[in-house]
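Protein chains: 2
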Amino acid sequence: MSLNFQLEAQEGLARAGRMVLPHGLVETPVFMPVGTVATVKAVPQDVLEELGAQIILGNTYHLYLRPGYEQVRILGGLHRFMSWDRPMLTDSGGFQVFSLSDLRKLTEDGVTFRSHLDGSSHFFSPERSMEIQIALGADIIMAFDECTEHPAERSRAKQSMELTLRWASRSKTYFEEHKAEVPWRKVSSFEFQVSTESKHCHPETRNPKLETGVQSLFGIVQGGMYPDLRKECAERLVEMNFPGYAIGGLSVGEPRDLTYEVVNATVPHLPQNKPRYLMGVGTPDEIVEYVAQGVDMMDCVLPTRAARHGLLFTSHGKLNIKGARYALDEGPIDPNCGCKVCSRYSRAYLRHLYAANELLAQVLNTIHNLAFYLDTMRAVRQSILLGDFSRFHSEFRSRGLNSPAHT
Amino acid sequence: MSLNFQLEAQEGLARAGRMVLPHGLVETPVFMPVGTVATVKAVPQDVLEELGAQIILGNTYHLYLRPGYEQVRILGGLHRFMSWDRPMLTDSGGFQVFSLSDLRKLTEDGVTFRSHLDGSSHFFSPERSMEIQIALGADIIMAFDECTEHPAERSRAKQSMELTLRWASRSKTYFEEHKAEVPWRKVSSFEFQVSTESKHCHPETRNPKLETGVQSLFGIVQGGMYPDLRKECAERLVEMNFPGYAIGGLSVGEPRDLTYEVVNATVPHLPQNKPRYLMGVGTPDEIVEYVAQGVDMMDCVLPTRAARHGLLFTSHGKLNIKGARYALDEGPIDPNCGCKVCSRYSRAYLRHLYAANELLAQVLNTIHNLAFYLDTMRAVRQSILLGDFSRFHSEFRSRGLNSPAHT
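Each protein sequence line maps, in turn, to chains A and B.
Quick note: the first sequence uses our numbering, first residue 1, plus one each step.
Quick note: the second sequence uses our numbering, first residue 1, plus one each step.
Calculated directly from the structure, the hints in this document are not laboratory data.
Because the structure is a prediction, the values reported are computed rather than measured.
Ideal Cβ placement from N, Cα and C applies to all residues, glycine included.
Among these hints, one or two may not hold up.
Unchecked claim - Some, not all, of what chain A presents toward chain B, calculated at C-beta under 7 Å:
#1 T39
#2 P67
#3 L75
#4 F81
#5 M240
#6 R344
#7 A348
#8 Y349
#9 A356
#10 L360
#11 Q362
#12 F392
Said to hold, decoys possible - Calculated cross-link-like contacts (lysine-lysine; reagent style DSSO-like; alpha-carbon spacing at most 30 Å):
#13 B:K41 x A:K322
#14 B:K318 x A:K41
#15 A:K340 x B:K41
#16 A:K318 x A:K41
#17 A:K41 x B:K322
#18 A:K340 x B:K340
#19 A:K318 x B:K41
#20 B:K41 x A:K41
Here chain A stands alone, though its shape is the one from the complex (with noise of 0.2 Å):
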């Protein structure tokens, strides 16, 4: 068993559904935090859990530079290495070896790059990403692609796409040879009757599906800003039946209205009845257009990256708690969260913590973000399951989260 994706809900081009995976139930529109090397920053696994979780993403550029797939594999995989029995997504490692490492070299074979911490030099390749990605043993993993630089010309857009088009085909071929070997399916149940030293509570003896489980595979629909090239690489990437469909190459830095267009010139051309990820979106008011689009999956780093920058999420729009005029604030952040955050500490408070450069400012502003982040979605969910999505889309849209908060 790999993926199963039933839709339980439209209105519009918005859709509710239910995905399970080996470790469990993803409801959609689903955001997943971004847990770059084993750990979503800050933040311990079992407040992600409290805070209703559901998939998290890890990025398999890190994680194969620190601490290494193969000893993420002989630890039995990330679930067990980081101890997350939810379901998990990897990325292919391509956003970041264009963006992060230095002196690449690209061929048709693959990237050569150079390690952002001590500047080792490595290859990455579809192949090469499919054997990093079982190791690590996501439930969900990406085709290696090439994520197109922004601005490019039609003609560069389009070599691009098809050097990712034969990548997707050539992940497909290695991960449909090499899928039974996820390190969470090999576990017999002996090894773990002998495995008594430590105390731990191995998630795989959890969940009778991962016997028989496979992890999926997602083809990346790119084309630059081009919708004709998206459409194409849509249909092409479909040809291949994937379990689910990607949209990369998106904020790389174009105006926002540009991401709208290209989304909304790809989704048409992927299949209904599988899900749907946008690739490293977005802002609160973004995530709720982009469910409008059609959308079912979302990650970005924003919540968590704006947090430890004291940068909070709030139901007025955004608020920085550096401001000296929350010095003597009483009030939570935002007076209709329920976090556990809100629910205890005050503006003053969080404040001061941020002003002192204390570690519990950046555990607590990630966990109210990604609580106001992960309640957004769930509040999307529902309106779209009563048949209340227009009339939330609107009045969320009115809101300009994305203006200061003026309280």
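Fit chain B to the supplied structure of chain A, relying on the hints for placement.
Same frame as chain A, but now just chain B:
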């Protein structure tokens, strides 16, 4: 009502007791985690509660500089500011003035010093320290003392002790005249009825004792490393009749045997029926030793600071989680520890988090070390109540917890 201290059991010099304070019960012997600037670094308050921390410490010097005691007073005191409704203790600021600040100028009146943060000039005196500590509103506050440097000639130690005694008297006089000004005592129920804007739980509304409660001011025994001066200082403080007594000026660079000797020379001159607080110690095996010498309360930055440097305390000794030997180690930090970190995460994962400089390393390491200290002190207390402390003490001593773990 200020402090009600009852002994429950004694074995040799070791004592188990109960101390009732305005914000609740403290069972002694007790270890107090240090929350320097209104946060035990990296640990949310709900986790401290889960860990069973009954009382935490705040640093007057740090809080005076940031966020400032006027701000904390306006916000209802430290308990309400940081949302911690269990007992707290603040130190006098003396130790940090002497150890952290620049350009100190000491007179009979007090100390002029420069902030380690921005070089600004400030003045602390016994009266000023009391004013600040009353504004912060901890359940237990400390007389302003001079922490005698080590080594110090006898004449210098004597002169410093005499100053500490005069300052203790001035601290007590100011405190007695101003103790009704503690912010949580002044809060009327009317004020709370109209303050409905915030969803915060105000600790003050949950504890009727606060209406009549007062802080307790402890005296501090100084006298350098001279047993006769320690005896004299203790006796003269006892004449002033404080509700509890601290032993200060230790752990300032002297050999550990000398610390034991000075504690041993001081404790017999403190009253049986009042709590004894040894300031700023120690390692896990040291805290057990000091209980054996008749100490009831201790605080130390060691568990939290060491955690942030990857040094973990275990029942087998110290463990440096950076070690490459842990890269594939699926066991918990300490197989004998039941804390939430040991129950869930492997050494391999914690080693990875530390090596990758992840915030979660500091969070989880700190939680484990605090659990180890608090569990150790609970076990000590239990053994005294059961009349089993002598056996516990010699077993604990034979474990040699200051050596590296060999596991």
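Closest C-beta approach of F81 of chain A to chain B relative to 7 Å, hint status: Constraint on F81 of chain A satisfied, holds at 6 Å.
Hint validity - L75 of chain A Cβ closer than 7 Å to any chain B Cβ: L75 of chain A check passes; min Cβ-Cβ to chain B is 6 Å, inside 7 Å.
Restraint check for K318 of chain B with K41 of chain A, where alpha carbons must lie at most 30 Å apart: holds (26 Å)
Pair hint outcome, K41 of chain B versus K322 of chain A [Cα-Cα no greater than 30 Å]: With Cα atoms ~19 Å apart, K41 of chain B and K322 of chain A stay inside 30 Å; holds.
Agreement of K41 of chain A and K322 of chain B with the hint, judged by alpha carbon distance not exceeding 30 Å: Holds, at roughly 19 Å.
Interface hint compliance - T39 of chain A to chain B, C-beta minimum distance less than 7 Å: holds (5 Å)
Given pair status - K41 of chain B, K340 of chain A, alpha carbons within 30 Å: holds (18 Å)
Status of the hint placing R344 of chain A at chain B (closest C-beta pair under 7 Å): holds (5 Å)
Proposed proximity, K41 of chain A with K41 of chain B (alpha carbon, max 30 Å): Status holds; Cα separation ~16 Å.
Straight-line alpha-carbon gap K340 of chain A to K340 of chain B, limit 30 Å: Distance ~19 Å between K340 of chain A and K340 of chain B Cα, so the pair holds.
Interface hint status, F392 of chain A versus chain B (Cβ within 7 Å): violated (24 Å)
Evaluation of the interface hint that places L360 of chain A against chain B, nearest CB under 7 Å: holds (5 Å)
Hints 5 and 12 from the earlier list are contradicted by this structure; the remaining hints agree with it.
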